[in-house]
Amino acid sequence: MRKTWNFHGGVHPLENKTQSNQLPIVVMPAPKQLVLPLSQHMGKAGKAVVKPGDYVFKGQLIASAQGFVSANIHAPSSGYVSALEERTLPHQSALSGPCIVIDTDGKDQWGDLNPTIDPKLLSKSDLLYLIQAAGITGMGGAGFPGAVKLQPKSSIHTLIINAAECEPYITADDRLMREYADQIISGIQLVQQLLDQPQCLIGIEDNKPEAIAALNHALNQHMNIEVCVIETKYPSGGEKQLIEILTGQQVPNEGIPADIGIVCQNVGTVKAVFDAIVLGQPLITRITTVTGKAAVNAGNYEVLIGTKVADVLAFAKVDLIKTSRLVMGGPMMGFTIQDTQTPIIKSSNCILAAADLELATVADHHSCIRCGLCEVACPAELLPQQLFWFAKAEEFEKAQDHNLSDCIECGACAWVCPSQIPLVQYYRYAKGRIKALNNETQLAELSRMRFETREQRLVDEKSAKEEKRKLRATAAAAAQAAKRAANPTSADPIAAALARVNKRKQEQQTATTPKSPEEVYKELKTAAAITRTKLNKTSKALTDAKAQDHEQAAGLQETVIALTTKAAVAQAKLHAYETKLGLDPEKEKILQVSVAKANGTIRQLEKILATAADPKRIEADILNAKATHEAATQALADHQTNLTKKPTSAQES
Amino acid sequence: MALVNLSSPHHHSLNKTSRLMVWVLLATLPGLAVQSYFYGYGTLINLLWASFLALGFEAIVLGLRRRPIMPYLTDGSALVTAFLIALALPPFSPWWLTLVAVLFSIIFAKHLYGGLGNNPFNPAMVGYALCLIAFPVSMTQWAGTEATLTFGQQWQWFWLESVTGGIDSWTRATPLDLMRRTNGLTLTEVASSNPQLGLGLVASMWINLAYLLGGLILLAARVFTWHAPVAMLAGLGFCAGLFHMGEPDLYPSASQHLLTGATMLSAFFIVTDPVSGATSRKGKLVFGVGVGILVFIIRSFGSYPDAFAFAILLMNLSAPLIDTYTQPKAYGHQPKKSRSQGEE
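As you go down the protein sequences, you meet chains U and R in turn. In terms of my numbering, the numbers along the first sequence are unbroken and rise by one, the last being 653. In terms of my numbering, the numbers along the second sequence are unbroken and rise by one, the last being 344.
Just chain U, with the same shape it has in the complex:
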C-alpha cells in the first residue's frame, strides 16, 4: 500500500452517511419546469443563446461560456424556453440572478449527440474542446470550470481524484463510485490522456468499503491508477488537504496544485468527462443526496440540473413540516436555503432536510477562552482564536498578517469550539470587509494617480509653451542680430523707420492734393465706427471685470469714459459733415431697403410662377414688381448723384 501522510488538524464529526447510502441511485423524472442560472460556476456567467418561446432539445446549448473561466449550459430536457428572468440563486445570500426557465414537454427528446467511438484517437485539443463544450464544472462543491484546470501551464506528474467525500451526510460520490466505477475509470484515463499520462491517485476515505471495492474491481494491472484509502477525517476532501495526504506536499500559498505538478479533480467530474466524450452528452444531470431526519426516502437521486429543490424534496418525500433547516451541501460547509424554488445546479451535491434538534442549535455563544482546540483542529494551520479576536476588533491588518486568506472555511474550528462561537461567520465577515477595503483603497489610489497625472500634464504643457516662446524669442533675436550683422552700415533700424514715418507725415501735410468729399466722408465714417466698436468692446470688458471683481476695473472705467467722449466727438464730426454735405443717411437707407424689397418680391413671384396654376396673373404681378424695383433703383441713384454733386458746391462755399 502507498504511503500516506497526515494533514494538520481535522475533526471527526458523526458521519451520518448510512441514512442515504443504502439504496441505489434513483433517476428522478424531468420536472415540469427547470430553472438554469447562467452562473453555476466560478468565474464569468454564461450568455443566453436562446430566447423565450424557443423550443430546445435535451442537451442543446442554451448559454455559452464567456471567457476562459466560464462554462456552457445545456438544456437538461426538451421543451420551450418560457422566460429569461431573475430567480433565486442557490447561495447563502438568496440573491437572485439571471436564469433560463424551461417548461419541459415531457418528451425528454435528445438533440444530436456526437459520441466518440474511439476516444484514444482524440488529440489533446479535441479532448479539451469536448470537455469545454460539455459545460463541465467541478462537481465537488466549488464548481470551478473543469477545462481550466485541465490545461495547466506546467507539466503534471500526478492526477489526484478526490473521492474522499469527507462531509457528513453526503453519499452522492459514494453511490456514484459503487454504480459507475467503470465509467469513472474510463473518465480518469481520458483525463490522463489529456495530461500526458500522469500517475493517478484516487483518494477515498476508509468509510466507503463498497466504493473502494468497486473501483478496485474496475481497475486492472496495466492502468497507472491507484486507489488510496485514507483515514476518515474531516476535511480530508479539501483539495489542499487531500494533496498533502497523498503526496506529503503542500500547495504553496497563493499558488495552485499545478505549481507542484498536481491536478485534482472530483470523482463526479471525471464521470462527467466520460459522459461528455464517450457518450457525447453534456453535463445536464448530477447525483444529489437527499437526507436528513425529515426525508422519508433519504437516498441519492439523479436529478436534472435546474430541478427545483421543492420538486426534489417532494420526490424524496421530505416532510416540509418537520424540516426546520434546509442545507444545500453538507452540514460543515453547506449553506441554508429558505426558498424551495431554488434550483439544483452543477455543484449541488446534497440537500439536507434537517428536523429540529438534528443539527446544532443556535446557542448564545460564550467568551473565547483561547483554549486552543480550534488551533488543534485547523487544517490550514492557522490560529483561529487569534483570527477571531482580530475579526471581532476589526483589526483586519493583523488578521491578514495571521493569514486569514488561507482559511478554507471548513468549519472545523467552529465545530470544536467549546464556547460555540460561530467562528467561520467572523472570518467571512472579515474577509468581506478586507475585500471591500481593498477595493476602496484601489479606487482612491486610482483617482489620486489620475489627479496627479492631470496636474503633471498641465504643468508640462505650460512649461512646453514657455519653452517654445523662449525659443521663438531667441530665434527672432538671432534673426534681428543677423540682419544687423548683414547691414552694419545702416543706423539703428528703429530710428530709421521712425524717421521714414515722420517724413511721410510731413509729406502728407504739405501735400496739395485736396481729398475728395467722398474720401473725407468715408474717413469720418470709419473713425466713428472704430471709436464705437472700441467703446463697445471696452464697456463689455468693464462689465466682465466688474462681475469678476477684477483689479483692472477702475482703469477700464476711465478708458470707457474717455472712449465715450471720443465716440461722441467722432459721431458729432460725422454728423456735422453730413449736414454740411446736405446728406441724409436715413433717407438713403430707406431707399436702399425699398430697392431690396422690390427685388425680393420679384424673386418670390418668379419662384411661385414655376408651380403656379394661373401663370398669367403672376406674370403681370412680376411686371408690376419690376416696375417698382426700377423706380426704387432710380430714386436711390438720384439720391446718390445728389451726394456727389452737392459736396462740390459745399467745398466751394
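Footprint (simulated), chain U over chain R, 3 or more residues, beta carbon under 8 Å:
1. 113–119
2. 321–332
DSSO-like, lysine-lysine: derived pairs with alpha carbons at most 30 Å apart:
3. R:Lys282 to U:Lys392
4. U:Lys293 to R:Lys16
5. R:Lys16 to U:Lys398
6. U:Lys431 to R:Lys329
7. U:Lys3 to R:Lys329
8. U:Lys153 to U:Lys120
9. U:Lys546 to U:Lys566
10. U:Lys573 to U:Lys505
11. R:Lys329 to U:Lys153
12. R:Lys329 to U:Lys392
13. U:Lys398 to R:Lys329
14. U:Lys149 to R:Lys329
15. U:Lys573 to U:Lys522
16. R:Lys282 to U:Lys398
17. U:Lys317 to U:Lys293
18. R:Lys16 to U:Lys322
19. U:Lys573 to U:Lys534
20. R:Lys16 to U:Lys431
21. U:Lys32 to U:Lys51
22. U:Lys431 to U:Lys392
23. R:Lys282 to U:Lys3
24. R:Lys282 to U:Lys431
25. U:Lys44 to U:Lys431
26. U:Lys32 to U:Lys322
27. U:Lys392 to R:Lys16
28. U:Lys435 to R:Lys329
By construction, these hints were calculated from the structure, which means they are not laboratory data. Only a predicted model underlies this, so the values are computations on that prediction, with no experimental measurement involved. Ideal Cβ positions, reconstructed from N, Cα and C, are used throughout, including at glycine.
Here the structure of chain U is known, so what remains is to put chain R in place on it, guided by the hints.
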C-alpha cells in the same frame, strides 16, 4: 415550519466551556485528597469557602455588569479560580485571607478586565500574589505532617485564629524553605539534622504525584495540549539539574524541585490556563520554559518560599510578545528564513 438562515457549520461537537471546567475541577480531586490526608482539613474548608465566595462575587459582578448571570456562572470558570486559590493557600489560612484572595481574583483580576477570556493575568495567581505580599506571615503558616488538627480545631482556627497550644506548635517550615535557608549547612547536613525535611519531602512528593495524575487525566481528555506543562517541567528540571550537578550541597536535585511545592499543581492547572498564556503551541513551549526557569530562579535566589505565582504572572506579561514571535507557519507557506543568515 419556517426555515432558518444560519451560517455554516451546521454541525457542532457539542463541546462546552463548562465541560472543560468540570474536567479541570475533577482533576484536582486526587491532589486535594492527598493534600488533605497529609495536612488535615484546612484545604477542604478553604475550598468550600472559596467556592462559595467566588460564585457569590461572580454573581454580584455579573449583575453589576448587566450580564446574564446563570450562563456565565455555570461556565465553571469562577469555581476553577476558587479551587486553585484554595489549593495554593496554606492549610492554616483564616477565612479573611481566602476572602481577600478570592475577592481580588474575581473582581479585580477577572471582571475589571472584561470577564472570562479577557483577563491578561491568571486571576487565581493575582489573588495569591497579593496575599503573599500583603500577609507574608499568614501565607507561610504551613502545616506539619506528623500531627494534624482535628476538624473542630481547624474550624475554630479558620474563624477565630485560635487553636490549643498556639499555631506555632502546629506549623512547620516547608521543605523548600528548609532547603533554601540552610544557615551555612549543606543539604545533607540539613537533612540529617532536621527530620522535618524528609517528612515534608515525602508528603509533597505524594501531593505532586497526585496532581500529576490529575494533569495526565486532563491531557487524556484533551482539555489542553502537552506543550506548556512539559515545557515548564523541562525548564525547571533542566535548571535544577544543572545547578545540582555543579553544587549538590547547595542546590536540591531536579526531582526534588519537580516534586515539591506547587510544581505539579502549577504545571498542569495554572500554566495551562489558556486565557492568560501564550496561544500557539510553539508559544506555549516558550511560555512553559519561561515559567520553569523563573520558578527555579526565584526558588533558589529569591526571598519567597515558592515561586510559581510570580513566575506565572511574569510570563503572563510576556504572553503577547511570545504570541507575536511564535505565529505558526500556515499551510503552504514557506518556513520563515532564520535571521542569522543575514546577520553573519
